[in-house]
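Number of protein chains: 2
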Amino acid sequence: MRYYHTMVRVSNLEESLDFYCNKLGLKEIRRHDSEKGRYTNVFLGPDENPEAMVELTYNWDPEDYKGGRNFGHLAYQVENIYDLCQRLQDAGVVINRPPRDGHMAFVKSPDGISIELLQADGSLEPAEPWLSMPNTGTW
Amino acid sequence: MRYYHTMVRVSNLEESLDFYCNKLGLKEIRRHDSEKGRYTNVFLGPDENPEAMVELTYNWDPEDYKGGRNFGHLAYQVENIYDLCQRLQDAGVVINRPPRDGHMAFVKSPDGISIELLQADGSLEPAEPWLSMPNTGTW
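Sequence order for the protein chains is A and B.
When the letters of the first sequence are read in order and numbered with my numbering, they come out as residues 1 to 139.
When the letters of the second sequence are read in order and numbered with my numbering, they come out as residues 1 to 139.
The shape of chain A in the complex, shown without the other chains:
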């Protein structure tokens, strides 16, 4: 058995790819447009040959997406949580839970999917501006 992917629905494919790829740093592995089903699927991974992927499903007919509490979040271990959070913030992403402890942060996708970022191999030394940055909203 192999964990293959997690599927999340997105209301705007361009905004979502900007978030997941340009800002978060994932790569597009493959894409499928279905004229018949009126959807586009895009598979994303941390590298070109990932073990597990995120599948974005963009339905061409609009729908209003809201979060359900039974779903929690996607989590990624990252090489340097401060560098990534800085890059995300510079790109206009709200850091809902800043990495005050040098270990954990939360952001949200354009459709409100919570994304947890975890410092690989423990924690960095607590440091500003994160140390004194308050939480924003929910995650």
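Heads up, some of the hints might be wrong.
If several chains are the same, the list does not tell them apart, and a pair holds so long as it fits within one copy or across any two.
As the list claims (entries may be wrong) - Here are the computed lysine to any residue pairs in the SDA-like style, where the Cα-Cα straight-line distance is at most 25 Å:
1) 36 / 123
2) 36 / 114
3) 27 / 1
4) 36 / 97
5) 108 / 97
6) 108 / 64
7) 23 / 125
8) 108 / 93
9) 23 / 2
10) 66 / 136
11) 36 / 136
12) 27 / 73
13) 23 / 58
14) 23 / 1
FYI, nobody ran anything at the bench for these hints, they're computed from the structure.
These figures come from a predicted structure and were not determined experimentally.
Could you slot chain B onto chain A? The hints should help.
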């Protein structure tokens, strides 16, 4: 960057472990009880040393969990989709989308998280009882 886990909230840990482990076949990797946070986290993977995991969060104070359309499903590639669907059905799990094509099936967790099952390396020959089994509910 490494895809680390997907977190889903569960309203009954025993029922959820029965579903994810006994029925679906995942293994418990580790568990954390937090008296202070009043929650239990259980990490599950296809094997003892998984690349990506599912994290069950059981909050000790009850909450009603409903699905959000922005979240889609978790997906697993499996060795034999007929054997697994038979095992799940024998254990009382509704096969919401039977593997009529020998390739894809959907079931749901006790809290309504959609789980996609995919035949690894293509499709099995279409076969009964799946071939003529109708869909049930949504997924």
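Within, between, both or neither: how does the pair residue 23, residue 58 come out at a Cα-Cα threshold of 25 Å?
Classified as within; 19 Å inside a copy, 31 Å across copies.
With identical chains treated as interchangeable, where does the CA-CA distance between residue 36 and residue 114 reach 25 Å or less: within a copy, between copies, both, or neither?
between (31 Å within a copy, 23 Å between copies)
Intra/inter-copy verdict for residue 108 and residue 64 if alpha-carbon distance must be at most 25 Å:
For residue 108 and residue 64, the Cα distance is within 25 Å both inside one copy (16 Å) and across copies (22 Å).
Under a CA distance limit of 25 Å, which applies to residue 108 and residue 93: within one copy, between copies, both, or neither?
within (8 Å within a copy, 33 Å between copies)
Can you give me the call for residue 23 and residue 125, within, between, both or neither, at a CA distance of at most 25 Å?
within (24 Å within a copy, 43 Å between copies)
Between copies, within a copy, both or neither: which fits residue 23 and residue 1 at Cα up to 25 Å?
For residue 23 and residue 1, the Cα distance is within 25 Å only across copies (13 Å; inside one copy 31 Å).
25 Å Cα threshold - placement of residue 123 relative to residue 36:
Intra 48 Å, inter 21 Å, cutoff 25 Å: inter-copy only.
Checking an output row: residue 27 and residue 1, CA cutoff 25 Å. Within, between, both or neither?
both (24 Å within a copy, 11 Å between copies)
If the cutoff is 25 Å on CA atoms, where do residue 36 and residue 97 land: within, between, both or neither? Let me know, please.
between (41 Å within a copy, 19 Å between copies)
Give the relationship of residue 27 and residue 73 under a CA distance limit of 25 Å: within one copy only, between copies only, both, or neither.
For residue 27 and residue 73, the Cα distance is within 25 Å both inside one copy (19 Å) and across copies (20 Å).
Could you place residue 108 and residue 97 in one of the four classes (within, between, both, neither) given a Cα distance threshold of 25 Å?
within (10 Å within a copy, 31 Å between copies)
How do residue 36 and residue 136 come out at 25 Å by Cα distance, when the copy is not named: within, between, both, or neither?
For residue 36 and residue 136, only the inter-copy Cα distance (22 Å) is at most 25 Å; the intra-copy one is 41 Å.
Taken one by one, the earlier hints all hold for this structure without exception.
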